[in-house]
Amino acid sequence: MPSPLSACIVLYRCGDEVTDALRCLENSNIEVSVFLCDNSPEELTADKLQWSFPGVTVLPQKGNVGFGRANNAVLPFLESRYHLIMNPDVTFDPGLLSRMVSYMDSHPNIAILTPRVMNEDGTEQFLPKKRISVHYLLSGLLESRGRLFRRWREEFTLADLVIRAPLPVEFATGCFLLIRTQVFQKLQGFDPRFFLYQEDSDLSRRVLEQNLGSIVYHPEMVITHRWARENTRTFRGRMRQIRSVCKYFLKWGITW
Numbered sequence: 001m002p003s004p005l006s007a008c009i010v011l012y013r014c015g016d017e018v019t020d021a022l023r024c025l026e027n028s029n030i031e032v033s034v035f036l037c038d039n040s041p042e043e044l045t046a047d048k049l050q051w052s053f054p055g056v057t058v059l060p061q062k063g064n065v066g067f068g069r070a071n072n073a074v075l076p077f078l079e080s081r082y083h084l085i086m087n088p089d090v091t092f093d094p095g096l097l098s099r100m101v102s103y104m105d106s107h108p109n110i111a112i113l114t115p116r117v118m119n120e121d122g123t124e125q126f127l128p129k130k131r132i133s134v135h136y137l138l139s140g141l142l143e144s145r146g147r148l149f150r151r152w153r154e155e156f157t158l159a160d161l162v163i164r165a166p167l168p169v170e171f172a173t174g175c176f177l178l179i180r181t182q183v184f185q186k187l188q189g190f191d192p193r194f195f196l197y198q199e200d201s202d203l204s205r206r207v208l209e210q211n212l213g214s215i216v217y218h219p220e221m222v223i224t225h226r227w228a229r230e231n232t233r234t235f236r237g238r239m240r241q242i243r244s245v246c247k248y249f250l251k252w253g254i255t256w
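Oh and the sequence shown: position 46 is 46 in the working numbering, straight run, nothing missing.
Hints may contain errors.
[To be verified] Restricting the straight-line Cα-Cα distance to at most 27 Å, the calculated cross-link-like pairs of lysine-lysine (DSSO-like) are:
1. K186 with K130
2. K62 with K186
3. K48 with K62
4. K247 with K130
5. K130 with K251
6. K247 with K186
7. K251 with K186
8. K62 with K247
[Claimed, not checked] With beta-carbon atoms standing in for the labels, derived distance ranges:
9. S98 with L167: 20 to 30 Å
10. P76 with E17: 22 to 32 Å
11. E43 with G95: 25 to 35 Å
12. R236 with V162: 33 to 43 Å
13. N211 with P54: 37 to 47 Å
14. R147 with Q50: 45 to 55 Å
15. L75 with W227: 19 to 29 Å
16. P219 with K62: 34 to 44 Å
17. V162 with E120: 20 to 30 Å
18. L148 with L44: 42 to 52 Å
19. D20 with L44: 12 to 22 Å
20. S133 with L161: 16 to 26 Å
21. K186 with R116: 23 to 33 Å
22. L75 with H135: 30 to 40 Å
Hints are computed from structural coordinates only; laboratory data are not their basis.
Glycine included, each C-beta is placed from N, C-alpha and C at the ideal position.
Starting from the given sequences, assemble the full structure and let the hints guide the process.
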């Protein structure tokens, strides 16, 4: 009988940090079919991980095909009710996934469930929860430059609210999102035109535009995310980010 839950982690020069994420999946009090989509097969990281986690399925890619395209490689193999997309730098408690699945079971109108994301020091990572726009993107770059930009950022991430109950939102972070497998398959996964960045914004928007269900942020579902963000600190990473934003606005139209 297929597992009710599958999970995919994309590997790209992630070193040993993915071991903690896999240990969390292994220790979960719900069965999980785990896939590793390996964007750096030359490093043999996935081969080593299979010795420690023999139940995982490794899907080697031809090279770094991007986050969305690598995640899409699992589509032909999914037989679960729910599919978890998560980064290799995420950890969580053993009961989290069963609670998320139970909540989705009880709320069939929800297409995606997105959690509260914490830093390792216990502070919250206020990630976007609204649809992206020009001024919201500027707020992330310029929030240290003035009160107006900080206010925009707080609006974008809902950091200006005290959220104690599940709340419908417009964005689910790609670092950790639980989606109904049928919805993910109907959408044919991520849009492969997004190599990295904004693929989660696009997926979230397609879910809502096609009326496939709601996206719900649940503050009692909590993960820890290291979120080093080294890619955005390089010129190449910044340009990749800009290209993804341009692709998003060309696809959906520019909104201020």
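Practice problem: With 25 to 35 Å as the target window, see if E43 and G95 comply at their CB atoms. | Solution: Holds - the Cβ-Cβ distance for E43 and G95, about 33 Å, lies within 25 to 35 Å.
Quiz prompt | Restraint status (C-alpha distance of K251 to K186 at most 27 Å) | solution = 19 Å, holds
Practice problem: Would you check the hint for K62 and K186, treating anything up to 27 Å between C-alpha atoms as holding? | Solution: 25 Å, holds
Quiz item: Measuring from beta carbon to beta carbon, are S98 and L167 in 20 to 30 Å?
Solution: 22 Å, holds
Exercise. For the range 22 to 32 Å, tell me whether the beta carbons of P76 and E17 fit it or not.
Key: 28 Å, holds
Quiz item: That 30 to 40 Å hint for L75 and H135 (C-beta), does it hold up?
Solution: 35 Å, holds
Quiz item: Honestly, do N211 and P54 meet the 37 to 47 Å range at C-beta?
Solution: At 41 Å between Cβs, range holds.
Quiz item: Is it true that L75 and W227 lie within 19 to 29 Å of each other by Cβ?
Solution: Since L75 and W227 have Cβ atoms about 27 Å apart, the given range 19 to 29 Å holds.
Quiz item: Would you say the C-beta atoms of R236 and V162 sit inside 33 to 43 Å of each other?
Solution: 39 Å, holds
Quiz item: Taking 27 Å as the top limit, are the C-alpha atoms of K247 and K186 close enough?
Solution: 22 Å, holds
Quiz item: Honestly, do V162 and E120 meet the 20 to 30 Å range at C-beta?
Solution: 23 Å, holds
Quiz prompt | Status of the given 45 to 55 Å range, CB of Q50 versus CB of R147 | solution = 51 Å, holds
The structure fails none of the hints (numbered hints given earlier).
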